[in-house]
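**Student:** What follows is the residue order along each chain.
2 protein chains.
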Amino acid sequence: MATNLHDKAYELARALRESDEFQTLKALHEEVEEDDVASRMLTNFRNIQLELQDKQMQGEQPSEEEITQAQKQYEMVQQHEVISKLMEQEQKMSTVIGDMNKIITEPLESLYGSPEDQGQGEQG
Amino acid sequence: MATNLHDKAYELARALRESDEFQTLKALHEEVEEDDVASRMLTNFRNIQLELQDKQMQGEQPSEEEITQAQKQYEMVQQHEVISKLMEQEQKMSTVIGDMNKIITEPLESLYGSPEDQGQGEQG
Ligand SMILES: [Ca+2]
Ligand SMILES: [Ca+2]
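In order, the protein sequence lines correspond to chains A and B.
Residue 77 in my numbering sits at position 75 of the first sequence; the count goes up by one each step and never skips.
Residue 69 in my numbering sits at position 67 of the second sequence; the count goes up by one each step and never skips.
This is chain A alone, in the form it adopts within the complex (with noise of 0.2 Å):
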C-alpha cells in the first residue's frame, strides 16, 4: 500500500478511536464486561441470535419456542439499562461506520457505480 494511503488509513482510525461515539461504546462495554449478570446477559442475547442467524443462512425455519426464547432475551436487554444503552451506542457507531465506508468507497464508486445505480441500469 502507499505510504500516503497507509497513513490517512491510521489518522482516520485514530480519529475514530478519539472520537465521542467510540469513546462511549468503549465506556459502555466496559460497564457492561465488569458486571457479572449483565455480561451473561448479553452474552446469552448474543448467541441466540447467532444460532437465528445461522438458521436463516441455512434456509432453516426456527423453532415457534426458539423465537420466544429469542423475543424473552430480547425483553431483558432492553430492559437493563446499560446493556440497552451499549445497543442503542453500538447502533449509532453502525452508522458512523457506514457513513465513513460511503466517503471512503466513493472513488470506486466513480468508477463501478453504486449499488441503487446498477439497479437502475438494469431496469433502464
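To be clear, the hints were calculated from the coordinates, so they are not data collected in a lab.
Here the structure is a predicted model, which means the values were calculated and not measured.
One or more hints might be untrue.
Identical copies go unnamed one by one, so any copy, or any two together, can satisfy a pair.
Said to hold, decoys possible - With a straight-line cut-off of 25 Å between C-alpha atoms, the simulated DMTMM-like cross-links for lysine to aspartate or glutamate are:
#, residue 1, residue 2
1, K94, D37
2, K94, E67
3, K94, D22
4, K104, E20
We have chain A; now place chain B with the ligands onto it with these hints.
**Tutor:** Frame of chain A; chain B with the ligands shown alone:
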C-alpha cells in the same frame, strides 16, 4: 459524525483516488469501456459470474453446461490483454481496501476481538 472523523475519511478517500493503484485501475477501466468488444466480453463474463453466485446463494447446483460456459468465458477474458490486466488490478485494489479496512476497524476489534480471537475464545 464528528467533524474530525468526517475530514479524515475524506482525506483517506482523496489519498485512495490519488494512489497509483486507483489511477491504474481507472485507466484500465476506461480502456475497456472505450473498446466495444472488450466491454461486451467483460459484461458477459460478469453476468455469468453473478448468475452462478445467485445459484450458489440459493443452494442450487449449476448445470454442467453453465460451468463449461463460465470456464470458457473465463479463459476468453484471461486471454484478453486489457481485461486480464484490469482483473489483476481489481485484485490489487481489493487487497488495498482490505488492508485499509483492517487499519480502520482496529479500534472496534480492540473492543470486540477479531474474528480469529473469537474463534479461539470459543475453544478455550
Ligand atoms: Ca447504471
Ligand atoms: Ca476471545
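**Student:** With reference to the structure, classify each hint as holding or not holding.
**Tutor:** Hint-by-hint comparison with the structure:
With identical chains, the CA atoms of K94 and D37 are at most 25 Å apart within one copy only, with a shortest distance of 23 Å there and 45 Å across copies. For the identical chains of this complex, K94 and E67 are neighbours neither inside a copy (31 Å) nor across copies (47 Å), given an alpha-carbon limit of 25 Å. In this homomeric assembly, K94 and D22 come within 25 Å of each other (Cα to Cα) only inside a single copy, at 11 Å, whereas the closest approach across copies is 34 Å. Taking CA atoms no more than 25 Å apart as the test, K104 paired with E20 passes in both settings, with 20 Å inside one copy and 17 Å between copies.
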